[in-house]
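Q: Chains A and B, in that order, are what the protein sequence lines are.
Heads up: the first sequence begins at -1 in our numbering, then just goes up one per residue.
Heads up: the second sequence begins at 1074 in our numbering, then just goes up one per residue.
Please keep in mind that the hints were generated in silico from the structure rather than gathered at the bench.
Even for Gly, the Cβ is constructed at its ideal location relative to N, Cα and C.
Misleading hints may appear alongside valid ones.
Taking beta-carbon pairs under 8 Å as the criterion, some of the chain B residues facing chain A (in silico) [claimed, not checked]:
#: 1; residue: Arg1132
#: 2; residue: Val1317
#: 3; residue: Tyr1402
Output of the computed footprint for chain A on chain B, the stretches with three or more beta carbons under 8 Å from beta carbons of chain A [to be verified]:
#: 4; stretch: 1119 to 1130
#: 5; stretch: 1392 to 1400
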Amino acid sequence: MGDGQATREVVAATSGIHASDMVLNIGPQHPATHGVLRLALTLDGERIVRADPIVGYMHRGAEKLFEARDYRQIIVLANRHDWLSAFSNELGVCLAVERMLGMEVPVRAVWARTLLAELNRVLNHLMFLGSYPIELGAITPIFYAFREREILQAVMEEISGGRMHYMFNRVGGLKEDLPAGWYDRAGEAIETVRRRVRADIDALVRGNEIFRARTRGVGALTSTQIEQYGVSGPIARASGVDFDLRRDEPYLAYGEIPADLLRIVTRTEGDCLARFECLLDQVYVSLDVAEHCIDRLRSLPVGPINVRLPKVVKAPEGATYAWTENPLGINGYYLVSRGEKTPWRLKLRTASFNNVQVLSELLPGTLIADMVAILGSMFFVVGDIDK
Amino acid sequence: MSGGVLAATSSGGAHLGIFGQDPWWLIIIKTVVIFVFLMLTTILMIWAERRIIGRMQQRPGPNRVGPFGMAQGLADGVKLMLKEDLIPALVDKPLYILAPLVSTIPAFLSFAVIPVGPVVSIFGHRTPLQITDLPVAVLFILAMASIGVYGIVLAGWSSQSPYPLLGALRSAAQVISYEVAMGLSLAAVFLYAGSLSTSEIVTAQSKLWYALPLFPSFIMYLVSMIGETNRAPFDLPEAESELVAGFHTEYASIKFAMFFLAEYVNMTTVSALAVTLFLGGWHAPWPLSTFDHGVLNTGWWPVLWFLGKVFILLFGFIWLRGTLPRLRYDQFMALGWKVLIPASLVWIMIVAAFRELTNEGRTRLQTLIYVGIPLALVVLVASFFTEKSDDEPDDSLEPPSGGYPMPVLTDPEATATLEVSRD
Chain A
-1 MGDGQATREV VAATSGIHAS DMVLNIGPQH PATHGVLRLA LTLDGERIVR
49 ADPIVGYMHR GAEKLFEARD YRQIIVLANR HDWLSAFSNE LGVCLAVERM
99 LGMEVPVRAV WARTLLAELN RVLNHLMFLG SYPIELGAIT PIFYAFRERE
149 ILQAVMEEIS GGRMHYMFNR VGGLKEDLPA GWYDRAGEAI ETVRRRVRAD
199 IDALVRGNEI FRARTRGVGA LTSTQIEQYG VSGPIARASG VDFDLRRDEP
249 YLAYGEIPAD LLRIVTRTEG DCLARFECLL DQVYVSLDVA EHCIDRLRSL
299 PVGPINVRLP KVVKAPEGAT YAWTENPLGI NGYYLVSRGE KTPWRLKLRT
349 ASFNNVQVLS ELLPGTLIAD MVAILGSMFF VVGDIDK
Chain B
1074 MSGGVLAATS SGGAHLGIFG QDPWWLIIIK TVVIFVFLML TTILMIWAER
1124 RIIGRMQQRP GPNRVGPFGM AQGLADGVKL MLKEDLIPAL VDKPLYILAP
1174 LVSTIPAFLS FAVIPVGPVV SIFGHRTPLQ ITDLPVAVLF ILAMASIGVY
1224 GIVLAGWSSQ SPYPLLGALR SAAQVISYEV AMGLSLAAVF LYAGSLSTSE
1274 IVTAQSKLWY ALPLFPSFIM YLVSMIGETN RAPFDLPEAE SELVAGFHTE
1324 YASIKFAMFF LAEYVNMTTV SALAVTLFLG GWHAPWPLST FDHGVLNTGW
1374 WPVLWFLGKV FILLFGFIWL RGTLPRLRYD QFMALGWKVL IPASLVWIMI
1424 VAAFRELTNE GRTRLQTLIY VGIPLALVVL VASFFTEKSD DEPDDSLEPP
1474 SGGYPMPVLT DPEATATLEV SRD
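Chain B extracted, bound-state conformation:
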């Protein structure tokens, strides 16, 4: 609907119709470039993470391999590949081998629908800088993320060892919860853009990045994206001081490297998604975007802005890791279910009401009054109720099963009474 209208007004935006018309060699070039980009980003990230955290911790970090130690990631990768590929005797072999693949491949696939830039000309072909786009591209990314979790869960299960099992359990619950929070935080973007296609969402942000009007959604997405990628302070599945290495404790060599790779590629992907949905995608930041009637938003320039934004977010990941302790499992679940999801729901209601009233042609003042007064009432009533409940002891802090979603087990005592009554 509005996507098409907005696309027409933007500078060099792409319609969905432009996708799927690339010749085969162009598709291969794009795919290989994205693959190489993700691999290089991973290698660079490993180095950058260790250097930056090193600087934060008053030490130099790796500086031996290559200039400023930049080849450290490469050296680590080579080392891992040359190591003995050990498979413990007790593991469930097919799943054990499958798990790293299931973890890594979807991480790469998601990036196929991320728009890196507008339509450019490659060897005379006009083509968007994006492998492909779908009418439901964002759902595709969420689906890929969900499949990636299977890798972690299967790795934990097939390892047949307590630490990986606990890591897998945590991961399963964590990702299920945060998938919901993430999906809800994105819903507001869909309402605004009127589309699930990444390129159209980027096009719709040519005037105003969604991070500003949808600031709460942006914050909720940032929190759930860290939860989704199992990074500190939400790195519960591999919590080193608790679970040794969590789900990949029993993995070595190239299989371990693939989990490692998946984690870093996922970080890049969720950062790229944040850029696409909230930070204007490849659009130049404000003062630059006005320069010479938006010339910096055309041609190959946008790739620079896109990468810049992604790397800023990736720096955020590193910064958090260097600063914060790890949350406890049940606290993390409480944050997801009791804070992020309810807040998202309320926020989506507000956004939806705003959109509906604006579409009906109300003035801004009317909209504010219609949405604001009921909202104020709701907040008032809610605060009244929460104040009341504060006085009572809060039993919810100690869930009976330690916060796990547990199947309902038949109570042995209940069974006993049943038998007695049958007698």
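Okay, chain A solo, but in the shape it has when bound:
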């Protein structure tokens, strides 16, 4: 009968020693891949023998589109590749173009950008702090995380009108000044988020026995592997690679923030738990930094928040590379201009693309359940991989 034949073909594991391996496709549509990452796993029972990340299902030709848009329009494209760190993405483009133009950005804009970049970092991290427990079967923390995101998003929405894609950066500063009374509301939001993250997410997840058992010692990355694959951000710092552009090559106002506020969170274990803890502790640091920025902004004299641009912005001939410490790792824009109003080439270096490369080395030998734990702890955005 046809059914029997199918049995032998699909699950050829019954014919003694020469059993063929089972190939399991995780994705492109699977609850654990947050989008369309696809992993072709070769399995032996539940143990993974081989793992191949297959990317490109969400390729949107961002880099090619950059070449056909002027410098104002690029920002709206650039903020979309990692949709959880839109503000930081905008920032990178603006920094590159400003550097090419030799433009001096007003001091208030610099501090406001720093503040918003940190709030964006918290928003990004909260998303992963909520979604990671879901991978491990805890369905509640994401709702707490989203409640905090909502508070911060309200603050961001008030200044920019956007909840995810803020489009608040402009070449030369910010779109417009911050509304009256906004500092107070932002300060309150930061205070609330800090308290609730500590009380709910930190207390509920970090100390949970099952959570620790699922993540401790699972998917450990060595600092050598980190350097080989160019992994960056919280994942790299969880393996003891103490590298953070905010401290090591300060941009914006990061150089002026005291070091006891801008603490670089690191761990040495490199496992899933360390990665999660890096993310969680980073939230507190970012909130502290954001609070400091608000204080500084209050004390600054009244002044412009952007530079008036000519009708047509043309970057002079040349090339520059601007990189920023995005929430998920290093984000770089290599801008080559031939003096046109569009870039000749704008190469994008995204954090997630490098970070997921290491999966094919990390996954073999682990169980499917571990695979989910590891995948979730790589904190990637598929748009950031595929661009």
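The hints should help you fit chain B onto chain A, whose structure is shown.
A: For chain B alone, coordinates are given in the frame of chain A:
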């Protein structure tokens, strides 16, 4: 043996002799009532689960269909039944169709031996509020639970797809392990009650609920009952973030609904069993049980206490789901085999020694000394040994086959040496 003696002292308890004497119409009424009760509980549970978890997660939960969204379960059921009954092309059709039935029917059958109340009068007939009872009623429930697993395993196998297959594998190992743990945790109850009949066990608890003297057994039963019903944090066979939907990934429409139904009916059944064996069955809780010489333990009142206890346990299921992450497969197996089962065995030894010495007529102090001193010695020796083994690296954490009970495969290298030596 002692069951009869205890039954005589209790308030309105039932002897086994009273069963099997109902007229046919009464049997039909009881059966239909139990069936409807389980269906209604399922519908209510789906609604309650979503509302309660919603409240735990700072959101309202379903509130559109009916008052407070209470008809949500009904609406979901109707929706599922009206959906296209899709059968994938590659499936093993007879097994694929059989699996949901095998899963659902035993779930309902187990409830037949659960005592809901004492002897009452229905249309002039004196009859216990229980469809039937057997001298081995608890074994019957365990047997039904074991058959129910076949539904999951067959569903996974016949679907001919990797995710269901993995779910079925997990489920098979999980239920085999936890069946043992569950059986052992119940053994202490049997020793105490001197019976396997549910009604006699309930009767024997008229003075003291077994959850108190047999507290370790109670805890072990609670853990294994969650493992047995595949609920969070032990929902490995359907682990959503890993196996999409596990064993029922390829099921749709009414067949999927039957798996769903089986899960919820099983939850009700294991909760009812916990109430029956550990929480005094239909007996009223303590301050109420003394009210007016135990009038609340007679007539139809006990149904209220029984349902109350069952719903408290069902709330526990929901609470766990809203709070805990999922265990990993091998950790879950380790919990069963390395913690629950050894602990159960030791505990049963202690209970048995206690019972034996008490039956011999020793005083309580003598019993404590006879059981306590050897036990203290054993614990001392055991702790000495475990301390020693802690220093060595623990290889057992990484079983070679990922924790699966694997058949012994012939090692290709071993075969090669064999051939060489034959030459």
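Q: Against each hint, give a clear statement of whether it holds in the structure.
A: Evaluation of the provided hints:
| no. | hint | in the structure |
| --- | --- | --- |
| 1 | Arg1132 | 6 Å, holds |
| 2 | Val1317 | 6 Å, holds |
| 3 | Tyr1402 | 6 Å, holds |
| 4 | 1119 to 1130 | holds (count 3) |
| 5 | 1392 to 1400 | holds (count 7) |
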